[in-house]
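Colleague: Generate the whole structure from the sequences, applying the supplied hints.
Chains U and P are the protein sequences, given in the same order. Going by my numbering, the first sequence opens with residue 1, and the numbers climb by one from there. Going by my numbering, the second sequence opens with residue 542, and the numbers climb by one from there.
Hints in this document: simulated from the structure, not taken from any laboratory.
Listed below are the simulated EDC-like cross-link pairs for lysine to aspartate or glutamate, each with C-alpha atoms no more than 20 Å apart in a straight line:
1) P:638 / U:107
2) P:647 / U:115
3) U:523 / U:491
4) U:490 / U:505
5) P:647 / U:280
6) U:237 / P:602
7) P:647 / U:284
8) U:497 / U:439
9) P:625 / U:302
10) U:408 / U:212
11) U:440 / U:450
12) P:647 / U:69
13) P:638 / U:115
14) P:647 / U:116
15) U:175 / P:567
16) U:237 / U:302
17) U:144 / U:383
18) U:92 / U:67
19) U:497 / U:268
20) P:632 / P:595
21) U:237 / P:604
22) P:647 / U:285
23) P:625 / P:595
24) U:523 / U:212
25) P:638 / U:116
26) U:440 / U:488
27) U:92 / U:72
28) U:92 / U:333
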Amino acid sequence: MLKTLVNNFALNLQADVLVIGGGPAGTWAAWSAMSGGARVVLVDKGYCGTSGCAAASGNGVWYVPPEAEARENAMASRESLGGFLANRSWMKRVLDQTFTNVNLLADWGYPFPTDDQGKPYRRSLQGPEYMRLMRRQIQRAGVKILDHSPALELLVDEEGKVAGATGINRQTSEKWRVISGATIIATGGCAFLSKALGCNILTGDGYLMAAEAGAEMSGMEFSNAYGISPAFSSVTKTLFYNWATFTYEDGTPIPGAGSQRGRSVIAETLLQQPVYAILDQASEEMRSSMRLAQPNFFLPFDRARIDPFTQRFRITLRLEGTVRGTGGIRIIDETCAASVPGLYAAGDAATRELICGGFTGGGSHNAAWAISSGYWAGNSAAEYALNLGQQANQLRVRGVGEAALQPKAENASSPNINEFIQAVQTEVFPYNRNYFRTEKGLSDSLSRLDNLWQIIRDTQIEDSQLIRAREAAAMVATARWMYNSALERKETRGMHKHQDYPQQDANQQHYLISGGLDQVWVKTQPFSNTNKSLLTTGAAA
Amino acid sequence: MIELVSASRCIQCNLCVNVCPTNVFDAVPDAPPTIARQSDCQTCFMCELYCPVDALYVAPDTELQTSVNEAELAEAGLLGSYRKNIGWGKKQTSSAKTDQTFQVLKQMK
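Modeller: Now the structure itself:
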């Protein structure tokens, strides 16, 4: 077990700032911390440059030039969709920081296109190109990158401040430890291994580690994002379905079905029968633009020899959970600090309610949030760590990981991890459980999820299964915060659709904070359209 | 899912082993890498982009295995087709430069 191997780390490093996760948020955080004079180590479960949902996709970015009307429209356009939980001062600072940083990408050599008036167009990023550039940029800045090195647990010092992490290199099986003055969680959200494009690396690991150190979540009820994809494929790119006709098997259009606001009709229909789509609403001229905008949308079709403009194909909705939901680790102030000293959160791992309330899609706001929250977290973590001075290097630390790492009671038999994961998926995938929520459905799922938590909590896992078992534990923990929060929000708001309470309730325009592992708790936090609300920290109930 | 590591094309650089985000491949001394954990493949196509010799093929089906024939894939121009589409690799122009998202968004309903 990892616990007993304190003196047996193949790699034992000290850093000012440890960044966990190498997607957009993690790389921006690493760059920013390095620019702030910190020594930075970045660990990635996969490969920094290809892992995470941004790398595999084309990404829209919430990039709006600083013109009063354009900014006003950008802020107003999604407020109602998000259930009026977005905070305008956060939106403003994200728009400012994103504008500055995306322009930096151009200076670093990202090949932005020009629009039909010959002006640079910076609202879209091709994932592979973007993330290859970010990796190169942080390497040049001097960040030490450990690829294929999932973190397994956080370390805390004697005062409970987060002071690094330990993990394992999954290709060499060697264990690593990084002791750091500050730690940034940028591990993305949780899509429950649904095989949505680029999302399988995202299993909620950062939430679990943060919660074990005492951090809180926010907005976990906004966790039922489903992306449209061809039934056979992983490619959940929903934008182009704006030009789709959705039909039953016999080719008759499904009334009310649509990609943006009619997705629940698609989900309802899928509960009964197959749904087909055809992109027959796109003009001839549009079709070539679409190919040039999102080449990877067409890749599976070309390989399956389907012309999506003229041939219909079966579709499905793949769960993207909290990746395109808006919940995550609660942020307590403008530095992107979590509610435990020494810990910061950025990107999809952190709550995005601050800028989009209870609803988001792929890219856009999330991409802007990754860039700006990563930048702020890196900057603040560097400052915090450098202020600790030598103290940070002499810390006496201990690991706080529990589930699958340090069982409370030892079960005689280990669970089959794959079956265990399927059991979690059975509670979160079905549309009539997660997309459309009821008190009965949520409560039934929770009783089974609580039981699954006990199992993974109390089991001694052999080393070869440790990484997958920690992912499984993170998925159960995430599902329990999701469904407990969903039970507490007795209304329909943002993406949270509660069948028993189909209307939005003006008295519930508040945030829901959650946390806890063996005992999950949920409490309300007042919404106010200023930053002050963020500063009222409360002790865990 | 990943279905092919072409033994005739592979130069054993093991870049795919390094870059696969879900650690599907295993390096093998003096041989092409093996597809060691196929069911972990998330069908993200990233390995194909980084393969310098177009030796890999990721079938579009994300759940089911597909039987593939290397000669047919090569004949159909599918080996390396994604790299070509996005202009990835030496001496190619990135299609990020010709991204027409602005045209698409103009037509949004």
